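Visitor: Those sequence lines, one after another, are chains Y and U.
With our numbering as the guide, the letters of the first sequence map in order to residues 215 to 450.
With our numbering as the guide, the letters of the second sequence map in order to residues 66 to 299.
Worth double-checking, as some hints may not be accurate.
What the hints assert, rightly or not - Keeping only pairs whose Cα atoms sit at most 30 angstroms apart, straight-line, the calculated DSSO-like set for lysine-lysine is:
| hint | chain 1 | residue 1 | chain 2 | residue 2 |
| --- | --- | --- | --- | --- |
| 1 | Y | K254 | Y | K302 |
| 2 | Y | K327 | Y | K240 |
| 3 | Y | K276 | U | K206 |
| 4 | Y | K256 | U | K180 |
| 5 | U | K180 | Y | K240 |
If you're looking for bench data, these hints aren't it; they were derived computationally from the structure.
These numbers were taken from a predicted model, which means no experiment stands behind them.
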Amino acid sequence: MSNRYITIYTLVMTLVVSIVLAFVVKGLEPMHISNESVFKKKEILGAIKDQLGADLSKMADKEILELFDQRIEQAVLDASGKKVEGLKAESISMAAEEKKPEAERHYPVFIYKGDKGNLYLVSVRGMGLWDKIWGTVAIEEDFNTVAGASFGHVGETPGLGAEIKDNPAFRKQFQGKTIFKDGQYVSVGVIKGGARDKEHQVDAISGATITSRGVNEMMERGLRPYLPYFEEMKKK
Amino acid sequence: MAETIVSPVVEQEKEEWFGKKERKLLVDPINNDNPVTVQILGVCSALAVTTMVEPALIMAISVVLVTGFSNLVISLLRKGIPKQIRMIVQLVVIAFLVTVVEQVLKAYNYEVWNKLSVFIGLIITNCIVMGRLEAYAMANKPWRSFLDGLGNGAGYGLILIILAVIRELTGKGAIMGLRIIGPGADYLIDTQTSAVFGWYQPNGLMVLPASALFLVGIIIWIQRARNRKLIDVS
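Whole structure, please, built from the sequences with the hints as guidance.
Guide: In structure tokens:
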């Protein structure tokens, strides 16, 4: 077969494949975008799973979007904890914020208008053993008590580090912990060998030391930028 | 001079829609010519995606579709493909199909896509797919190639599902997310209260990739003990 044939064959093949793929991708794009937003909202609502009064995993996509629209108010904070107008919290990607210099970062807050008062859902992000981990922490109106937390990860070891997401018992430990001790910020510690200070610490996952340490560090550092906002809200 | 023109008698294979040969193409790779346990192909992805049944099932379906249709497409094109670039053409076809599968999955089952996206992408490098293209589709007719692809995909998928069922049941006490045995009231058999199963502990090792390797080994062992012809063919 001549070189000419091969060249033409290659060109035609590439052209056909790329055109078809372009149509497939463009055609499915609206579904991808809506899936992504449902997934993100579900992840955020995961932190207040027990306060929702409905089983999150059994809710249809539409119900999740509706719940989010009706019950959640959004705010965006700048690095000094001041509210930024004109931005929606759901459009903030923590992964993108992380890459900016610290002073330019934005932080999302989702305010859940519950029957028993507001819950403030804030996002944190850190590093596990293999890759990034992240979480949503729900804080009660006293801006001290944790109402719940949920975590996610890129690729922690299943059965070990991945338990931060998969094991409801780990997540539930955070409920009722407080992030201030005698007015000092202490965050919620994740302690290997068992929590000693039952008000401010939870048990780490055995066999997942580095991931647990990552969660500990993520909570400590991640909640810090929100503290000025909490202070201000407390005065109101 | 009467010359009888004898047309060359080529033994014409009877072209059947779904005869014995076609059946063999489809069934052989599921058992006696299984890509994972006999040809020892695609083991690494079999370790990675089999911690739970649902992703394993979706991976199995994706691979069946990709092997089936890439075999079909390559077989249709086989006479036109320039020999010098045949591997590139095969790769383009595989990559194309895998991308389509991934995009469709992302649109219809986002959560599973989220779990599997890396591995779906890696179907492209799954040796079963390209192996069948080179070994079968380049030299055979479309329909048979298609069946050969489906059969090999199914053989691989079957192993995935067997592994996933065992691993999810023993590692997490569940199947398809249905909680069967474990500590907690939301399990069918609650080991904390059950008198008979009080001793039972889910085996965390089964969740780790290494356990899949052991299980594949055990499957290979059982299969070869039952069919001695398979010993040392690979």
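Visitor: Against this structure, judge whether each hint is valid.
Guide: Going down the list of hints, with the structure as the test:
{"no.": "1", "hint": "Y:K254 - Y:K302", "in the structure": "14 angstroms, holds"}
{"no.": "2", "hint": "Y:K327 - Y:K240", "in the structure": "37 angstroms, violated"}
{"no.": "3", "hint": "Y:K276 - U:K206", "in the structure": "47 angstroms, violated"}
{"no.": "4", "hint": "Y:K256 - U:K180", "in the structure": "16 angstroms, holds"}
{"no.": "5", "hint": "U:K180 - Y:K240", "in the structure": "23 angstroms, holds"}
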